[in-house]
Amino acid sequence: MLTKDLLDVKKRRPNIKPNYRNPNKYKDVSRKVLNSFVEGRSRGEIYSKIESLENHDNFRLVRGLKKIIERDSDFGKSFTVNPEKVRKILYQKGFVTSDEERMEKLKEVSSNLGVSVESLEEDFWADREINEVLKNSYDVAPKEVLKQYNLSLTQTLLFDAVKLSINVSGNYKEIFRAIKYYGLMYEVDEELNIKITGPASIIKKTRKYGTSFAKLLPYIMASEEWKINADIETEVSGEKRIYNFELNSNSISKGLFPDLKTSSPDYDSEVERRFASRLSAVKENWEILREPTILKSGNSVMIPDFCIKRLDRAIYLEIVGFWTPEYLKNKCEKIRKIGDEKTLIVAVDASLGCGKEDFEGVEEVIFYDKEMPLKPLVKRMESIEKDAIEERAESIGDGILDLPTESIFSLEKISKEVNTDVEVIAEKLKKESSGLILPESGMFIPEKKAKKIREEIMELEDASLGEVEKVLKKYKVSEEILDKIGFDVIWKSFKRENVEVVPKPKNK
Amino acid sequence: MKLTFKNGTILIDGEYSVPHTQWDGRVDDQRCLAHRYKDISKYLKNSEIPYKDEVLDLVPCPELECDVELRSYQKKALERWMQEKRGVLVLPTGSGKTYIAMKAVEVANSPAFIVVPTLDLIDQWKKELKDFFNIDIGEISGREKNIKPITVSTYDSAYNHAEKLGNKFKMIVFDEVHHLPSEGYRHIAEFFASPFRLGLTATYEREDGLHERLPELMGGKVYEIGIDDLAGSHLSKYSIERISVDMKPKEKEKYGECMKKFKNYLVSRNIKMTGPDDFRKVVLRSGNDPEAWKAVRARNKARKIAYNSESKIDEVSNLLDRHKYSRIILFTRYNEVVYKISKKFLIPAITHKTPNKERREILERFKSGIYTAIASSQVLDEGIDVPDADTGIIISGTGSNREYTQRLGRLLRPSDKEAKLYEIVSSGTSEMQTSYRRRG
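As they're listed, the protein sequences go chains A and B.
Under the working numbering, residues 30 to 537 are what the first sequence spells out, in order.
Under the working numbering, residues 5 to 444 are what the second sequence spells out, in order.
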């Protein structure tokens, strides 16, 4: 963060924006500032080198870069005799009014201390900040410094913010933790826009929380996608005005800012990790997301541990591996406020010793002992899956499936055409036609065709698999159909000509 | 009804609507700024509405006793304040405001938070408080964070931490309370729930009129005494001598060049310089206008030449020679000049960067006579412990500075001779100023 005098902005009513510097375009200035920081140089020397780089277009930039580099520098005092001691000894001898008198005293003191007069002169103010010496060297890319500069500039602008709205995907826990830590408050609307204010914001328009907004920014920028919108109080020709500032994650891909993205959140526990891997093995077409989103819960939000998702249906899972009465009370209240339209399952570690009665008003609670039980969950997933498929099948217009019911076709092809799932198409066909569905090969066979295939096979003199296959090939269907149209395949040996296809015995 | 403190505000949970509050949909409760605490409790009590009060969470505090004898006007000021235990006392510098405040803390006999403008003043307050109350004193500042029943803080740190500290002290004291009504610092008073409030200042009025906010924040002005009303005033008599010096020819040349650049810019843009605001306007333009930027730079360079002029140093040398046996305080606003004088004449220097230990030692040694001169860039008069001096030398920049001469003058005590105050001014500079004013 920079001091306010280094804030460099562009205002175009009603918008305000920091004067961002493209790292590619300004890398030369950045390099020159960096190169001024030479190990062993004093602060004063470095400052005057940097000052000579300033011009009217870049002076704020140059000073900002200086500040950012200096922030990570290590300066130290360098002297022979402790400066405070040097001064004390000299002061004690009383003030002087001529050069000769001064030299006399310096000589006397220098011989007493066993150092030269020159070294005494140098040490006199060696503890002043400006005379401190740089102790480290730099291995930073000029472009990176510019990215830091752009970030700091944004934070500096936020100092003057009276309101901040954000929309983020990812890094939720960190963001809400930081909001709380910095004493801020939030409101969430149905689109999950988060309006951040301070306690006193409803009483007076204040910039008091600007510094906290600025500190929040890196957490926001660490999420996958983000958008911020801030009301900035700024002075325009002597009068205070509110201007608007907007920024989103595209600015990161444009290379303006350092990449602050964190890797996806780690599992809180081994139980969670194993649960995720076991579940994905059992139900592979479901998506398992960790800390996937926020759920609006009254005035507040909840960040469930997991979301399992398929066909736009979601089950949220909250794992309780810790509790105090207060914690459970708050959690239950939050869950109740989320409402019925979201499916939320609470899984509780049975060893914690709390029971169903501790989850007043919470519909779905399961207990686990060391390992999360998949069964109840899978059951729930399947029923949701079934629901979703049926609902979708119904919502597909009837007209679409009129044509193909006369011929054999691939479910996948149709599903792509109408942009839905294969299972939804299968469901629809099951309900509305009398044809056969081959789930493995994903084919639909109209009843008439199925009959015809059966007849052709029955008419074969040699009912070996080899011959039968020729028929199937003609219709472009797989062996899977044989079972469905009433044939058994009997393997007498591993040779295909010895495999017989026979009608299933009746009434069995 | 229940009142709780939340980050500088008070939440009111309950069915009655209470004045000074606003509905907060974020938490579905009424909310107000913490400084309304006293008004609200009073209202609830008067209306006989039962309520649970969880606002204050005070620092545990021993019985506070302090061993201070007040002078009669100090007693009167304290009595006025005690009527409401709120309000501002206006007293001139050097009239012992600290002692009144300490007595007020004793009367309140509860944890107190004292806000002062600078770290130096923190040190001085802490020292006095410790001496008179005989307990450890806390500090909230950039360099230390340590809460005690009596805690001293700077305005800046109090502003930063008001949300967390606002319910821990029953009493809050603002030294130099005229700083308080500014847009930022106002939050300190607003975020503190402390029902007892004391403000101290020598200058109640502010040029921007913001002192009108003080009654709401602090209670109004409850006592005022002017410098002339102080009986048996121990203010000293002194005479002022203004010395104008010419810059060295080379400096003059360089100065002239720079000022010319600046003036030419003003003429080219048709800007009239009538006050400091006009210069600010030029600075504002320097972001877009390269010429303005160059002009501002030239003007700053000129000023630097003027205040750094060798001729002034020569004059200092003359004065030091003349006052070899006096006790001298040299004052200039410019740190650089202090460092230069210190090294050239071997005179102890005090700036805001001087470490506390060294500063204290310098002042003590000046008091005891080991040192006979001090050079400072800080106005030492807000302190309590300013040592006596009989000679003052002010090195001004471009033109005389009445405020500083007055303030330094107050520090002077006559010895066997009359106290003497010198002000060294560069002669060329003010001429230049008037000349371009006329032309503009």
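These are computed hints drawn from the structure, not numbers from a lab.
Certain hints may be false.
Claimed, not checked - Mimicking DSSO-like on lysine-lysine, the simulated pairs with C-alpha atoms at most 27 Å apart in a straight line are:
1) A:K134 - B:K328
2) A:K134 - B:K56
3) A:K134 - B:K348
4) B:K258 - A:K122
5) A:K39 - B:K348
6) B:K258 - B:K328
7) A:K358 - B:K56
Structure-inconsistent hints, enumerated in ascending order | 2, 4, 5, 6
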